[in-house]
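There are 2 protein chains.
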Amino acid sequence: MTSFRFALAQFDFPVGATHANALRAKELADKARDQLKASLIAFPELTLSGYPPEDLLQRPSFLEACAVELSSLAPRIEGIAAVVGHPDTRGEVFNAASLLRGGAVEWTYHKQALPNYTVFDEKRYFRAGEHSRVFEIEGVRVGMLICEDIWEAEPAAHAAAAGAELLLVINASPYDSRQAATRERLLRQRATENDVAIAYVNLVGGQDDLLFDGGSLLVQRNGHIAARAPSFEEMLLAVEFDSASRSLKAIDWPETDEGDPHVVMYAGLVRGVHDYVCKNHFSGVLLGLSGGIDSALTLAIAVDALGADRVTAVMMPTRYTSDLSLHEAKAQAEHLGVEYHVLPIENIYESFVGTLAPVFEGRAPDITEENLQSRSRGVLLMAMSNKTGRLLLSTGNKSEMAVGYATLYGDMCGAYAPLKDLYKTVVYDISRWRAGIDGAIPKAVIERPPSAELRHEQTDQDSLPPYDELDAILERFIEGEQSAEDIIAAGYDDATVRRVIRMVFVNEFKRRQSAPGPRVTTKAFGRERRYPITSGWR
Amino acid sequence: MTSFRFALAQFDFPVGATHANALRAKELADKARDQLKASLIAFPELTLSGYPPEDLLQRPSFLEACAVELSSLAPRIEGIAAVVGHPDTRGEVFNAASLLRGGAVEWTYHKQALPNYTVFDEKRYFRAGEHSRVFEIEGVRVGMLICEDIWEAEPAAHAAAAGAELLLVINASPYDSRQAATRERLLRQRATENDVAIAYVNLVGGQDDLLFDGGSLLVQRNGHIAARAPSFEEMLLAVEFDSASRSLKAIDWPETDEGDPHVVMYAGLVRGVHDYVCKNHFSGVLLGLSGGIDSALTLAIAVDALGADRVTAVMMPTRYTSDLSLHEAKAQAEHLGVEYHVLPIENIYESFVGTLAPVFEGRAPDITEENLQSRSRGVLLMAMSNKTGRLLLSTGNKSEMAVGYATLYGDMCGAYAPLKDLYKTVVYDISRWRAGIDGAIPKAVIERPPSAELRHEQTDQDSLPPYDELDAILERFIEGEQSAEDIIAAGYDDATVRRVIRMVFVNEFKRRQSAPGPRVTTKAFGRERRYPITSGWR
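Just so you know, the protein sequences line up as chains U and Y, in that order. Just so we're aligned: 480 in the UniProt record's numbering is position 480 of the first sequence, and the numbers increase by one with no gaps anywhere. Just so we're aligned: 86 in the UniProt record's numbering is position 86 of the second sequence, and the numbers increase by one with no gaps anywhere.
Quick caveat, the hints were computed from the structure, so don't treat them as lab data. One should not assume that every hint holds.
The list treats identical chains as interchangeable, and a pair is accepted whether it falls inside one copy or across any two copies.
With a Cα cut of at most 20 Å, we get these calculated DMTMM-like pairs of lysine to aspartate or glutamate [claimed, not checked]:
id : residue 1 : residue 2
1  : LYS123    : GLU255
2  : LYS249    : GLU361
3  : LYS31     : ASP309
4  : LYS387    : GLU370
5  : LYS387    : GLU361
6  : LYS123    : ASP195
7  : LYS523    : GLU334
8  : LYS123    : GLU152
9  : LYS26     : GLU447
10 : LYS123    : GLU334
11 : LYS523    : GLU508
12 : LYS123    : GLU528
13 : LYS387    : GLU369
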């Protein structure tokens, strides 16, 4: 018995970029062979199409392109075997992995477990496979699995029963703040119940509202985690499998910084902004900088993602804007070295009010006038985005999105919302952590009471419960699917709970028109939480 | 052998309104018993929850409420049996129909075929049933089916094999312009292949981006369509089944107006606006009236849906607005008798341009300035919506949505977009047809060349191919999933086809933030067509 060496390609394979993905697979295979001396390389799930390709999978020309790339790739993979993910069309479409070896496609495995919950719609696109696949390489029998296969017991058990000494799982498993722990628990269980080691390789990168975190893993057959790859970084990982002990060993994997969950989440937010902007070919970003914590954190993320020279911040004051806001916004922009503009909106606001005066005669000021300020800012920022080609970031957080404390076509303007899935209390946590590194976020911004500054001496708590209470209720209601009665029974104020839940329901229309943003919780607004706008249920 | 009489309840059962839906079922059962002398009444699919309840089905409290309504309803259904649709929770959740008879739930059938394509996500929510259900009433054996069950061959065949003399299908089948013909073809096939008559009852009403058209059907066992109920109208339909001949007879069904597809589509658009506005508790609507055909048709639909006194039209001219636009907008508003305002936007536009001058210095005017006009209008309309509580209708059509010929946060502002799924050529067809009835749309508006009037002497054809060519390409690309090569091979200009397809791909980000609107084609933007924004595929 000897050992055999293989490589896990923890890389980004962008959605739709079939040809570029095939080229990247070829390059990485060459590198794994030459530099790592690997005899096998495994790429993430749906390597060639990217994940999730969504309804591109319903275009015959897209499926054909994936098939062509696979066929052209096979003879170009030389001196190494490669496991490549791709959609496979045989009358119906399968989520597949093929082994390219000896210049040809040796076999194609079809994913057996298709997730059709939370963010996944795989039963919309794929037919489930019905057979395991165990293949031999360097005298070792390897069981092939794709992502969801490992979340059910049967596929691993069947592969083990068919003699697999090692399970190889290729994945496109999205990040959320609890996912790494869940994955480890699951993999430990599958390893021990089948007495088999597992090599788990995951995609990296931002794709619309999903983040893929990498975090590839090696698990011994006794359930011990032998190695963890860093999150949100692309890397080629070498692994050695020892046939005698049926154990895995990581070769020169970098250290990971797992102690602090802030590190991982922040890295995900940065990656999300970077990938959304770059994959959509924007030259940079701009955002409204208000002197509040949301835009301050968004600015820090943008600079970390793109560099200061690709970021523009715009302060758009009114009579309600405090000196503190003006001062701190400017201070942060200067500290970070970004382009900074001050565009007062009083004239614009007055021209709206003047134009509307004939139709608003006799009606008292209300939320309308507050929204006019927010929308004047939105129009200015969109004009700057149009003129400069920089993408507008929206700065809203999950607490606001939940209860509708945001103006549609106002501060909700923007192509991407980095904080969309962060509750306000998490915005504070992450901001404190980020500020602690190098003062990228001013201390005064973190410590001031939150305010939209749309009227005199306004604070968020005029309209909303304190954020720690609000967020606790929201998390129970949204992530926990708890009812009002459940939440009240847990000790929260009856009237507050009912008011918050009502706000969540009636603001579905705003969320439906909101920008995408990176998912970091176990239930994000968007594809993961599909609620009717029109609903009699309260 | 005798005959037996039953009723089909072609009605709206709004999503989430569990208690109101149970009350309505009780009232209709009483009416069917007393006025129609029916011994059975059948309600549409998921009667109690409404369809589609989407992720409300993941709330335990919602499922519990449906169960409670079913239990409370059973003893209140007296002197008649009732087939009621509802989610049924037994560890997992099923899409179910129960027979309420003799004061109790006699049995519960679980839908066997779960659609998970186009607009449907039923495998996200439901587990499939595995058994047919044939029940006896008045000596007749009736096979129970739910919607998708009839789209597959097995469930009907199993029910027939179990002795069903009649198939009863309860449905929530969404409208599109081809669906009625498809349904009839399918029902004829199932009837003849099983030699069994079919009674098909369908939901009515608008639910976010879906329209349910009713159009209930009776099909003889030889495949002959015995009766068609009108589309988009609520009604209680009496049916007699003759045991000797195993044939169905409609009792006093109203005449239907099937000759002209415009009638049905227009009725759907009117129903869509009515239901969206009323179910979401708005007092009325407002819209920007430009003098162009899209807003003119939208205004006519709004008035037909809600009455003139619940509709406000606003003309917002600039120097680029033609006299024709000013004249025709006013003429239409007066003809229809709606509240009408003229709010020039020159001052607002100038205040934006002035504020932006320092940052735009040295840059030539471009699309930015056109968008500023559109966004100034959007902000004005949203202010009027906020102040008056009237819902803003967006007036864009499918051709514009497809190629991005619309301003995000500008003319795309609005809670509901009645023409969202109508190609521009269909907007013309329907407008001509509607104008022909009573001149609700001015002839000059229909005949003028289309223009956004955002710069001097602009027409749509400065930027776009002629609409008949554009729409033909779009329909092949979107509904037909054809590739550029396919479309070019069909005789369209190479460069035009590639340009149009590119525009469709790169404008996904706009569509993602667009208002919902009623689906009328076989592939509508939104839940039916799920494309990545970020994509390397062109």
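Query raised in the report: Taking 20 Å as the upper bound on the Cα-Cα distance, should LYS523 and GLU508 be classified as within, between, both, or neither?
Result: within (15 Å within a copy, 24 Å between copies)
**Report entry** Identical-chain pair category, LYS123 with GLU528, by Cα at 20 Å
**Finding:** both (15 Å within a copy, 14 Å between copies)
Requested in this report: With 20 Å as the alpha-carbon cut-off, assign the pair LYS123 and GLU334 to within, between, both or neither.
Outcome: Neither: 50 Å inside a chain and 52 Å across chains, both beyond 20 Å.
Query raised in the report: What label fits LYS123 with GLU152 when the C-alpha limit is 20 Å: within, between, both, or neither?
Result: Both: 16 Å inside a copy, 17 Å across copies.
Report task. Using 20 Å as the alpha carbon limit, work out where LYS123 and ASP195 are close: within a copy, between copies, both or neither. Result -> Neither. Shortest intra-copy (31 Å) and inter-copy (33 Å) distances fail the 20 Å Cα cut-off.
Requested in this report: Indicate which option fits the pair LYS249, GLU361 if close means a Cα-Cα distance not exceeding 20 Å: within, between, both or neither.
Outcome: neither (76 Å within a copy, 61 Å between copies)
Query raised in the report: Which holds for LYS26 with GLU447 at a C-alpha limit of 20 Å: within a copy, between copies, both or neither?
Result: neither (51 Å within a copy, 58 Å between copies)
**Report entry** Within, between, both or neither, where LYS523 and GLU334 count as close if Cα-Cα is 20 Å or less
**Finding:** neither (36 Å within a copy, 50 Å between copies)
Query raised in the report: Checking LYS123 and GLU255: alpha-carbon separation at most 20 Å within a copy, between copies, both or neither?
Result: neither (38 Å within a copy, 41 Å between copies)
Query raised in the report: Is it within, between, both or neither when you check LYS387 against GLU370 at 20 Å Cα-Cα?
Result: Only across copies: LYS387 and GLU370 sit 11 Å apart there, 26 Å inside one copy, limit 20 Å.
Requested in this report: Pop the pair LYS387 and GLU369 into one bin, within, between, both or neither, using alpha-carbon distances up to 20 Å.
Outcome: Result: close only across copies, 9 Å inter versus 27 Å intra.
Query raised in the report: With identical chains treated as interchangeable, where does the CA-CA distance between LYS31 and ASP309 reach 20 Å or less: within a copy, between copies, both, or neither?
Result: Result: close neither inside a copy nor across copies, 34 Å intra and 72 Å inter.
Checked against the numbered hints listed earlier, the structure breaks hints 1, 2, 3, 6, 7, 9, 10; every other hint is satisfied.
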